[in-house]
Amino acid sequence: MPLLAIVALAAITYGFRIIGPLCRDRVTLPPAATLLFADAAAVLLIALAATSALMNGHDFAGWARPAGVLVAGLLAVRRAPFPVVVLFAACVTALLRLAGVA
Amino acid sequence: MLVCLADGLVGLSFGATAVAGGLPWWVPVAMSLLVFAGGSQIAAVGVVLSGGSPFAAVAAGAVLNTRLFPYGLAVADVVGPAKGSGAADHDAGADAGAGAGPAIRRWLIRLLGAQVITDESVAFALRQTDPARRRAAFWTCGLALFGAWNVAVLLGVLAGSMVRNTNAFGLDATFPAVLIALALPALAELRTRVSAGTGAVIAVALTPVLPAGLPVLAALAGLATGWRPRRRPTATPAADPRRAVPSIDSLTGER
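Chains as they are written, first to last, in the working numbering: chain X, 1 to 102; chain Z, 1001 to 1255.
Chain Z on its own, in the form it takes in the complex (with noise of 0.2 Å):
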């Protein structure tokens, strides 16, 4: 799978880079198996790397990852197991019962389906109609990055202690580019470039007079810009639901 691929290039620039910068090995490692959400991880450690504090640092990846929970509504009928009959099932024996057994086993599978919700199994989800498909297509993908990307970033640690000088070989541009290469399906609208641009230009004007991390925060003032109501200046930005809601996949968007 070519997103596999794309996203263990990035977890070994995320491991390379988190050591490279000063960060214990177990780091990144413990990052990719507990939060596994690749940006947020980026975003977090970029925070630490240039001088933040931990608490900007969880701040700035918690804001990131606030899209999984629209994520998880959407494809909330197949991170747990099948029910009913027919599906194609994972588990098929988790429906055989009704007794405790079967039931503590459903919920730990949907625990567990919980945890693989991304960017990428949600847009693969939902690219199909069938249940069994979509099921088949969230599990498949979910589990599949969840192994290579904690594999990938394992070994960029191993690069990133074994490389001296990470500079030279430009390793620094790539966190910058994986960022601007994750966010650029959600700028599809000209209302979020604005918000991103100005956010942009707030964040790196107070980069040298506030402490690391607090730029990117201050940052989400330019979402302000781009709420401001349009065309119809009698519209509050609150009271303004009827713009046209993009479908989650094109805020996943494809690579």
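Looking at chain X on its own, in the form it has when it is part of the complex (with noise of 0.2 Å):
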């Protein structure tokens, strides 16, 4: 990751940020436009989730980090606490591993 690269995220991040406050008054989205943004937010996170979850590199990741998954995912679906969440995952897959699974 170049130090370009953080630079240009970061200028792309800021320039979203800053619109808003500065054009407040000039500029109006349209919903579809919001609807649009907030919809491929959550493709793109469900994704980088999935594959992140399942994969590694071009291979399967084995079980243990899909099932940790799993099982933060169905607590977060229950509204659990959010470091609850997080812990669980973690938790989950390195008792597995600790059983063998891989």
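It is possible that some hints are incorrect.
As the list claims (entries may be wrong) - Computed Cβ-Cβ distance ranges for the label pairs, DEER-style:
{"hint": "1", "chain 1": "Z", "residue 1": "G1101", "chain 2": "X", "residue 2": "L36", "range": "38 to 48 Å"}
{"hint": "2", "chain 1": "X", "residue 1": "A11", "chain 2": "Z", "residue 2": "L1108", "range": "14 to 24 Å"}
{"hint": "3", "chain 1": "Z", "residue 1": "P1131", "chain 2": "X", "residue 2": "P2", "range": "27 to 37 Å"}
No lab work stands behind these hints: they were computed from the structure. Idealized CB from N, CA, C, for every residue including glycine.
Taking the hints as your guide, dock the two standalone chains into a single complex.
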């Protein structure tokens, strides 16, 4: 991850942040665009969650990691507190590995 | 604040995973200071750690952060310093004169305020109806999170560089878990769930064959399924803005 990439992402991110406060009177966003932004973010997050849970590089990551993520996901759906979700993901995966599950 | 604690845990896992994956220590630290948007930082580092190009990493992070644009519009009135009389003000001196000094100061505050626009600070601000309390909620939450996030990432970097085998602790499972928890509030509607599910299948299916980073971007094709017109076959997706727009609160959600 070169410094240039970090600076580029930072600049783009700051750009999105500052437009609103600068142009609040001149810019109105169509509701459909707001909806599309939110959907795009959700799609990316879930796709990244799925690939990083299941895959290691180009290959299957083994069962321990997706099992931990699955438990964490169910807890999140049941509205468990955020720290609990993260801790369960790590603990379930670690215990499965301890038990010999890859 | 519970939110700071929760985000601190995310920052800890972000810092630790980044250095455990082989990135130099300053990468997560610089990202947290400059980008300061957890989801996109995790996404960008995730793409790079799986072997993707920096370009794909920046693209994924940038798409995630488009949501900050509507956020900025929603909290535009509290990002800058208070104007007029009576409002509780972090910066009482700024309104005193009309000279160049206070004007510059107002600008600096606005530029600084924009950097702490996050899911959490916007959600907290929008829960308040009184303008002064909105401003206080936004700034308190924004600044506290900035501090907590950066300290946590630093601690995570230290922990990650000390522990040899982070996989034994299941640290690699925290990344996807955090991403799911972040996405969950946005998945209230069936349309979004169908899009996200389709996108996830596309991404996983393409991971063995495409260069790393691209499958996640290809998942955006999943948006097409959700935007298919329902019930009204005559309406085109682009010309169908009459759907109920979720409030920004439901987008950000409360943990």
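Here is how each hint holds up against the structure:
1. Z:G1101 / X:L36: 38 to 48 Å: holds (42 Å)
2. X:A11 / Z:L1108: 14 to 24 Å: Hint holds: Cβ distance 18 Å, inside 14 to 24 Å.
3. Z:P1131 / X:P2: 27 to 37 Å: Given a distance of about 43 Å, which is not inside 27 to 37 Å, the answer is violated.
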